[in-house]
Amino acid sequence: MPPEAVGSIAEPPQTDEVALTAKEVAALEEKAMFVRTETVRLISIAKTGHYASTFSCAEIFASLYYDVMDLRRGQPDWDERDRFVMGKGHAAVGLYPLLADWDFFDKSILDEYTRLGNPLGDHPDMTIIPGIDFSSGTLGHALSTGLGMAMGSKITGKPFDVFVLLGDGELHEGQIWEAAMSASHHQASNLIAIVDRNQFSLDGKVDDIIGLEPLTDRWASFGWEVHEVDGHDIAALTALLRTLKNRPSGSKPVVVIAHTVKGKGVEFMESELGWHLGWLDDADEEAVYAELAEGLKK
Amino acid sequence: MTLTSSASVGYRGKSWQLTDMIHQAPGFHALSDTLIELTEEGHPIVVGTADLKYSNGLVTYQERYPDRFVQFGISEQNMVSAAAGLATTGLQPFVATFASFMSLLTVEQMRTDTAYTNLPVRMIGHHAGFMLGFYGTSHHATEDLAITRSMANMTVLAPADPNQLSALIRETVSIDGPVYIRVARGRDPEVYTKDDASTIKIGKAVVHAIGSDITLIATGTMVHPSKEAVAQLNAKGINAGLIDMHTIKPLDLDAIMTAADASTVIMTVEEHNVIGGLGGAVAEVLADNGSPARLVRHGVQDAYVPVGPPTHLYRHLGLDADGIAAKAANALRAGK
Chain A
1 MPPEAVGSIA EPPQTDEVAL TAKEVAALEE KAMFVRTETV RLISIAKTGH YASTFSCAEI
61 FASLYYDVMD LRRGQPDWDE RDRFVMGKGH AAVGLYPLLA DWDFFDKSIL DEYTRLGNPL
121 GDHPDMTIIP GIDFSSGTLG HALSTGLGMA MGSKITGKPF DVFVLLGDGE LHEGQIWEAA
181 MSASHHQASN LIAIVDRNQF SLDGKVDDII GLEPLTDRWA SFGWEVHEVD GHDIAALTAL
241 LRTLKNRPSG SKPVVVIAHT VKGKGVEFME SELGWHLGWL DDADEEAVYA ELAEGLKK
Chain B
1001 MTLTSSASVG YRGKSWQLTD MIHQAPGFHA LSDTLIELTE EGHPIVVGTA DLKYSNGLVT
1061 YQERYPDRFV QFGISEQNMV SAAAGLATTG LQPFVATFAS FMSLLTVEQM RTDTAYTNLP
1121 VRMIGHHAGF MLGFYGTSHH ATEDLAITRS MANMTVLAPA DPNQLSALIR ETVSIDGPVY
1181 IRVARGRDPE VYTKDDASTI KIGKAVVHAI GSDITLIATG TMVHPSKEAV AQLNAKGINA
1241 GLIDMHTIKP LDLDAIMTAA DASTVIMTVE EHNVIGGLGG AVAEVLADNG SPARLVRHGV
1301 QDAYVPVGPP THLYRHLGLD ADGIAAKAAN ALRAGK
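As they're listed, the protein sequences go chains A and B. Read in order, the letters of the first sequence correspond to residues 1 to 298 in the numbering used here. Read in order, the letters of the second sequence correspond to residues 1001 to 1336 in the numbering used here.
Only chain B is shown next, with the shape it has when bound in the complex:
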């Protein structure tokens, strides 16, 4: 494997320490700024984190609204249950920690205290997938979509970029029940302009194009490289399309079936185990509808991801633009 240097988005080429992290992760400005705006507009927001306010940038929210910010310390389970209690008093709590801890350590609190009770708690799992690359498997979240989407009442979102994150958070205001929001690491390239993102609706996929040969259905961080992969495929004369499935639940069945009816191959792309996540969800839809479209599930193939910088891991797992395009081309060849 040839290792290429990482993109180093946001690094300033000089020494840095913890409190500088927010400058390295401009994508998280969208999180705090949107929550600040909603609070200013009078929404009953309260924000909590479990000793990660520099990692998720919520320190910015705390500085603006110290009385609406709760520092829970390293007690994620207490944080999620307490957020449920806060929600019973008419507040809309947003609580955040690494996606691995949110989805695995607090899974029972999410299920029993927020989903079963159908309370408006927003759980933000950031640095999802293997965005904490060399921190290792304890810090990787490759099961969170499978876990959260199997909880009744739960809405599951995976925005593709900071502008979509901002727009989706704004959209959650009208949701009465719990929401799991899978977030990247704040260094994510833009897919959408602010204006484009502002028209987003929860449960309605963004259909970039339907391809007669192949349509990629990507979610979260995989939308950007999939878009590049589609351009590569089109340049080779392959009719490829792309659907951005930012809402994993409720899933946009119409968008999936439109693609299934028009495309020879459907390929899901996710930074997640192919079991139970977007790939599993799309497989369920195709099977339920008796679709003859061939499905390829691209993502983590039921394995633990090795350590390494995220960009290197994307290349290693074929989840960068080149890898996604190659997987799609292979799928089409295999089908002929």
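Bound-form chain A, shown alone:
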């Protein structure tokens, strides 16, 4: 195999220049907590939702939307914005509040989440929700659609990066690996995939269902540059994503395996299979709000 076709498991980047200030860290932590509290609020309207799947990627959302991605307030269709494609569309409930916070649509729309006539459903629809760069719901498509966007950036000369959030269970889909092969072959260096490695899919532990390991080696063998990070350490995560976004234009697509905890932030949900999907009654909802507020103080 020619060396240029082989991916690599990269050394942790030198983070001196990209290190976050304490103030930046605190601000991002607050945004991650905002994702969680809004998720609880919106699911209380829908009366069913994916709490735990959203909590595991709250820091990833916050880091991308409040630090890493180039976006313009109130301009969801800005041509050169960085793109975000979510494979695990069932976590959209945590993304919608951020899109409203960017003034992509009116915040009052959140209050009718999933109600008839409201654009916001469990899975995101790009045709009716400003700021959604691609619809999702079927697992396995997002790396391909993100690859198409990354290719489109190069063909049209619009300089943007494409961030694709994948669930770890989603990696069981064959199309992911079609796209992985294709992206490295076509040198989609502006494609950055983030795997929310929260260890659980619906029926149980991902690796008990179909083993993913050795995951970093698998991505590397498909020609990707691979990084690993604690997906809840917002300082480390953001520093890594800053480095990747600003790295010299190489030839490889990049994947970040973000080690996360499903249900992170609420003790009784953490790595608890059942909370993949559920609903909190009033008393439990109050307790969760209190626990989240307490977590932010620590």
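If you only want the chain B side, here are some residues facing chain A, beta carbon under 7 Å, derived: (1) S1075; (2) S1081; (3) T1089.
So these bits of chain B aren't anywhere near chain A, every CB distance computed over 12 Å: (4) Q1017; (5) E1063; (6) Y1135; (7) L1286; (8) A1326.
Derived by calculation from the structure, the hints in this document are not laboratory data. None of the values given here were measured: they were computed from a predicted structure. Every residue gets a Cβ at the ideal spot worked out from N, C-alpha and C, and that includes glycine.
Here the structure of chain A is known, so what remains is to put chain B in place on it, guided by the hints.
Just chain B now, kept in the frame of chain A:
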């Protein structure tokens, strides 16, 4: 069954290999040439295929515009989803593979990534019907019209010949949403001159004639033999007509109802299962409008097609000119 020799259009009577295929399938020149013209005119075209560039002739496009051509390899699902991603950046992707794979293997990607999202992706399903005759059922597409026309937002086209293919591709430029284009195998006899084809409009059928006894409504590859069948019927004193339904969706309701009002029998002719395709679509229109016209759906009768050269299969299934004329004459006799 008597087997007659195939027409062997395009074969040169000597050895050939893969890269010669484009010379055997001159009909595909219309595909690449039209896409090259549109690119030259400044349309944001990008072309992709899944390891079939010699079969569909898109190698010609690749040679002219290598930077606008994406080789996806044998990963059709990735190709259709990626085409949707490309379309979000302002490009107009045309992606092509065998119609059987496009309509069945990528059906969910077509529906969820191009139709639900209403993106301008053009999906070309070539060698449709049973044009890959002896390759067998895996390579036959006799369900693609039924599948694609049931997707909201999707435009569905089935050109009758290369000139109509070229004109219809040109017409798709003004369509903002997804388009499925059912294409033959590049060896299709001409039905229309370039000039005749250039006046075509998506959604507007070509009405050759309305017959007081019977009007055939044919699509794609079945237009040419149906035209011959109509000539045979007319020679026998039967007043027969022909409508070329090149657009399966949106369907030209006026053309169908004009024929239904004037003809004793309407007969649809398609290289497709009679369930869900053109026959199904016309049946819906007649029923919706309470038409008393009798409908005969000619095509594949809810079966898998055996292996055999396409021309032999047409004869076997009564889908050559003689078979279509016989079916029409029988329908008229049965009605009396």
